[in-house]
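J.: For reference, the chains in residue letters:
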Amino acid sequence: MSLTPVELKAALEATIYAADEPATLEQLASALGEEKSVVRAALDELVASYASEERGVEVRAVAGGYKMYTKPQHHEAVRRFIKSLRPPLRLTMPALETLAVIAYKQPATGPEIQEIRGVNCAGVLKTLLEKRLIVTAGRKEVIGRPILYRTSKEFLMRFGLSDVDELPSLKEFEALAREALGADEGVAVTEPAASALQKTSPGGQPGDAEVKAAAAAAATGETAGTNSAS
Amino acid sequence: MSLTPVELKAALEATIYAADEPATLEQLASALGEEKSVVRAALDELVASYASEERGVEVRAVAGGYKMYTKPQHHEAVRRFIKSLRPPLRLTMPALETLAVIAYKQPATGPEIQEIRGVNCAGVLKTLLEKRLIVTAGRKEVIGRPILYRTSKEFLMRFGLSDVDELPSLKEFEALAREALGADEGVAVTEPAASALQKTSPGGQPGDAEVKAAAAAAATGETAGTNSAS
Amino acid sequence: MATPYKIQIPMYEGPLDLLLDLIRKQEMDIHNIPIAKITGQYLEYLHKLEALDIDVSADFIYMAATLILIKSKMLLPPDPLAGPEEQEDPRADLVHRLVEHEKFKNAAQLLYQKQQIEEHVWSRPDRSLYEGEEAEGEITVSLVDLIKVFQEVLERRKEVTKIALSHDQFTVAQMMEELRKQLIAGEDGVRLVAFFEACPSRHAMIVAFLAVLEMVRLQAVVLTQEQLFGEIVLRKHKMFDVVFSGGGAERSVPDETALNKIDEQYQ
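Residue numbers (this note's numbering), protein chains in the order written: chain P, 1 to 230; chain S, 1 to 230; chain C, 1 to 267.
Bound-form chain P, shown alone (with noise of 0.2 Å):
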């Protein structure tokens, strides 16, 4: 077929407007009958021209495709426009801790999960599986042959990641916690970082200044220290 470098990028624009799941580089080079690499070069620009200040939506890498999104900094006025809110994915501290480990060990059996917690977490598994944000793989050849879970696609589109390698090392948390102990102290810490940000929402919406604050802190990963709040 071969397309112009204009008409690519509007054909890849269009299609990934449209698109009901992010879309990947072989998906989109296999229907538009192009080279990946031309592709790939059309979509970094696709990108990049959604990045600029100007732009109220962006083209995002996520779950290993390419997607459109709102920008996070207009919800206040973006939320006054959809009627069908979907409803938000609460999940308790523990069903986001066991899914912190099954992120960064997957895949993991049941009693691996436990192990680490240290509190038995099948209540857990069972509400993460319904949420689809885990699935099984398998099972592990020791004894028992307990199912293994990892994390699904819906858990990297439900958490902004285009892979789990995405995540910072588990190293990295260690170095932050450590300092963000140093740098508090003689304050004691009577109330984590988690419970502070929950308080936010508890049916109303974090102010815009909030989002953006945890937006910038998740982009640079900065996040982890938990006791350096309050």
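Treat the hints as calculated values from the structure; they're not laboratory data. Computed from a prediction, not measured in an experiment: that's the story for all the values here. Cβ coordinates follow ideal geometry from the N, Cα and C atoms, glycine included. Any given hint could turn out to be false.
Just a few of them, taken from the derived set where beta-carbon distance is under 10 Å, the chain S residues facing chain P [said to hold, decoys possible]:
1) Pro5
2) Asp20
3) Glu54
4) Val57
5) Lys71
6) Asp165
Here the structure of chain P is known, so what remains is to put chains S and C in place on it, guided by the hints.
T.: Just chains S and C now, with coordinates in the frame of chain P:
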């Protein structure tokens, strides 16, 4: 509020992109807290910027409001892309039930499946055969020699299994469900029980029942409150 | 009513959370935990829970035992025969677990923040180009749906059984038919005691017992017991399909008069 022209255009783009229905000038102006004339000028600019050749999407005035569409010249590319995707497995409830019975009871005959489900399965079996989720596996040597069915390779692929013995057994699933019962991990405690307690003013005291309930919840792992000690 | 004294007690999901909180709040060095002090504080917390009449889970109690064990090991003089490298700190395992646990807690915080951001953005695929793709009444299914649905089907089957068993009069043939249905539907056989208990009357129970005996005689089923005094489970046996194909059962059951005689004997 008063946004800069760039911010206004970005907010309009985000809103029109995400809105459930065409957003009218009046709605947009009031949501953004701007003069209608200002918003109209920004909208014109937005429409113009999308009109350019290099864009695959456009903003059109329709039904008294503004809405985003893929440009018609790219419909073919988008359709080709959608067609190339492997659609997610979609089944009706009766089909899913029948498939579940076969998966766990295989090989099973039509009369056996009917026996378990309590309803006639002939039509559903045909659908499942057509979708290649099940295959025939000879006949059972009983009177009438009914056909036996079992799940197919396609079934394994669709459910991410490498072998049928990877299916979680009912016992395993019930174990997960039992743990989930009572410890309602799925429902987020947006406010950790512990910090909720702490928030009771120094003068006031939480009622005994309340404390016990929260404590019991925490003991069964129901609370999200982790470190919030006072 | 308010309690006579103020109770403010933090709640922890598990023992590791409690320990980490104690360590962090008091700014202890996690790699050099004052084990006697921590053990004391840990036990004090458990006692508070007990005072409040809160069930302390086994996880917490197990950790208490672990702490006490470590504490007593710390009191022992070092092994004079072991070199300095061989002297393992009795706390090492616990420290490792705590450090690991904390890392995942921090990772969970990051996930929480990332997820918060995603709650504030929207994606709107252009559904108009998908029209006609989805048939009415279809749902996207996954492995979890498969097992959940199977469980529901079996539950529904049990309900039907209950209704069927609430008839007043049974014949052995009817009861065998009922057992056959349950054997086909059940995951791993039929639990004998449960089956008898489901019978609405003494008469029904006797008939059920006769039906089981008859099926064993015909080698349609086999009774298994995994351990001494364990549960007796009825499973399909080699002649199951033969006995139950095309009225085989009808032919071989005792006739009504014989049954009535048995019933009379019991009355």
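J.: Run every hint past the structure and note whether it holds.
T.: Hint check results:
{"no.": "1", "hint": "Pro5", "in the structure": "holds (9 Å)"}
{"no.": "2", "hint": "Asp20", "in the structure": "holds (5 Å)"}
{"no.": "3", "hint": "Glu54", "in the structure": "holds (5 Å)"}
{"no.": "4", "hint": "Val57", "in the structure": "holds (5 Å)"}
{"no.": "5", "hint": "Lys71", "in the structure": "holds (6 Å)"}
{"no.": "6", "hint": "Asp165", "in the structure": "holds (8 Å)"}
Checked against the numbered hints above, the structure violates none of them.
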